[in-house]
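*Asks:* Sequences are here, hints too, so could you generate the full structure?
2 protein chains.
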Amino acid sequence: MKKCFRIPSYRSLAFLAVFFCAVLACAQSDPLPAWNNGAAKQAIINFVHATTDPSSPTFVPIDRRFATFDQDGTTWVEHPMYTQLVFAFDRVVQLAPQHPEWRTTEPFKSVIANDQASMAKFTTKDLEAIIIATHTGMSVEAFQTMVRDWLATAKDARWHRPYTQLIYEPMLEVLKYLRANSYKTYIVTGGGQEFVRTYAEPVYGVAPDQVIGSAIAAQYTYDADGQGVLMRPPKILLDNNFSGKPEDIYLFIGQHPQAAFGNSTGDQQMLEYTQAGPGAHLMMLVLHDDAQREYAYGPADGLPQTEVGTFTQALYDEAKAKGWTVISMKHDWKQIFSWQK
Amino acid sequence: MKKCFRIPSYRSLAFLAVFFCAVLACAQSDPLPAWNNGAAKQAIINFVHATTDPSSPTFVPIDRRFATFDQDGTTWVEHPMYTQLVFAFDRVVQLAPQHPEWRTTEPFKSVIANDQASMAKFTTKDLEAIIIATHTGMSVEAFQTMVRDWLATAKDARWHRPYTQLIYEPMLEVLKYLRANSYKTYIVTGGGQEFVRTYAEPVYGVAPDQVIGSAIAAQYTYDADGQGVLMRPPKILLDNNFSGKPEDIYLFIGQHPQAAFGNSTGDQQMLEYTQAGPGAHLMMLVLHDDAQREYAYGPADGLPQTEVGTFTQALYDEAKAKGWTVISMKHDWKQIFSWQK
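Chains as they are written, first to last, in this note's numbering: chain L, 13 to 353; chain Y, 13 to 353.
Keep in mind the hints are simulated off the structure, nothing from the lab. Treat the hints with care, since some could be wrong.
Incomplete in silico selection of chain Y near chain L, CB under 10 Å [claimed, not checked]:
1. K196
2. Q239
3. G240
4. S255
5. Q267
For every residue, glycine included, the Cβ atom is placed at its ideal position computed from N, Cα and C.
*Replies:* Set out below in structure tokens:
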């Protein structure tokens, strides 16, 4: 049923007034003011025109417009450690009194002792053990509350700000610009889906159903009162890294995205999968080359490579060979954080 | 960036004309003409008003409006056999020449011999073996083509119509009515996600990203030319039945639906999970009690129970105890199929 409107009267006039204001604002507005003019900014604008202008040969119907964004190092700071790992380590310390055996068992022992050298050498297996110990065994609601409480007080060591303020303003603009052009914007993160869902809507404008991430299985069971409850058993259902990204994009969305944004080898397959779809595409990689305003790590300009966010030389070469756009934080971004002048 | 409009001129007049037509049409239209007046129809209309009228104490913001629909027996015919099983059995017969060993191996032997008595006794393990043999080992695109080709020619035995015409018109109306009121409508089926995605948009108006189903894992790999390809390995990732429904709804949507529609014990947990959410809800179960226009099976009115679509007495009792609405196909539906007068 169509929505019922009242018969228009003075409202029509108000409507026209808003209309003219919109036209004026529109003519003047730059959708990406935190970007410097250059190839990267132009690539985004060209892509939007190529896929949303009805006269374009590569026009994409509205319900087929999907864009996917990696999170760590792409939409917010990942250096020197993923935020979710900081959360997990804090939680190990918090839970330690209930687990006296952790004081003599790795990887927990090193976390409790804050042994940075040892923690820097943690293997994927170590990290999985920590995730299972800190992220499972509670209801989904209890986990969300835990994350929200932590995010409300935790601050990063360099800027002394809540982690949810370490978002890249230029990428927020891209998210908004794409949504204003009827794109559905998804966060597609190697981080935990439920972790990101707790803040994705206020921070990115991305609703929970558009967050894809590594996921603990949910288990529907009944409590003592016979009420259904979704628990988090110690089981990883989705590992949303590397090949996991196109696999999970297909599971959730069922098609190639038109645009994808990443910053490391963990995003390579997502960008390949995006490019393999029909029509016009946009594949972008954020290069961290601004030690002054953020961090510098990666292959370009002789910058040192690090373990975190491996923007390898091979990835750089693949980007160049395939026409993916490399975003230089130093040169392409006028502003990095909303609070940074 | 806001969309750019031209300065309105004659367009304003055209707009007003459309406006008045909409007001007139709106005053006369019944959103659910294939439904007889009664408690079931009224429950749907009341629910929509309760959750979309801004003055309602149970108003739900637009981006939180989710409704989930089981498919087999809820939105289309499931009797005497699930459509996807007919597809799978047809495919066993088609593949048989390449698998001479199937002629002496169950469950394939019975399918090839069309031994209905034996097929009726297939266990879940038998059916899984058939699904793995017929639904995996190809790229996701090759599988979609296979399903589309089959659906284009296969016809059901009773009405001699394509399966995609065996959709319940009253449920199509509910899907449209909810979408017109800004609900996102999801198919949440025990059937295969990829199977349903091939026709969900033209048939139900449901895009691929809003189809949740049992799922074969996708596997991203590279072909001989180094091109990425998503294959279907012999691995079931999601079993979207019973408890799997709330688990997968949580995985995909991240919240309780406001409304859920089912017809069997496989939907019980989905309806419980819907009711456990905040605000106003709608939980509905389709009762198949119309042998003349469709089929009759289930506990009410002394109808015989069958193995397919177990609307058990216990489910009927739970529905009554919890205030779920049971839809009688015989009494609540004026019309069942679009082509049936």
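*Asks:* All the hints need checking, so say for each whether the structure fits it.
*Replies:* Each hint tested on the structure:
A least Cβ separation of about 8 Å between K196 (chain Y) and chain L falls short of the 10 Å threshold, and the interface hint therefore holds. For Q239 (chain Y), the suggested interface contact is upheld, since its CB lies about 7 Å from the closest CB of chain L, less than 10 Å. Interface hint status for G240 (chain Y): upheld, as the beta-carbon distance to the closest one in chain L is roughly 5 Å, under 10 Å. The interface hint given for S255 (chain Y) holds, since its Cβ lies 4 Å from the closest Cβ of chain L, which is under the 10 Å cut-off.
Here the hint on Q267 (chain Y) is kept, as its CB sits about 6 Å from the closest CB of chain L, short of 10 Å.
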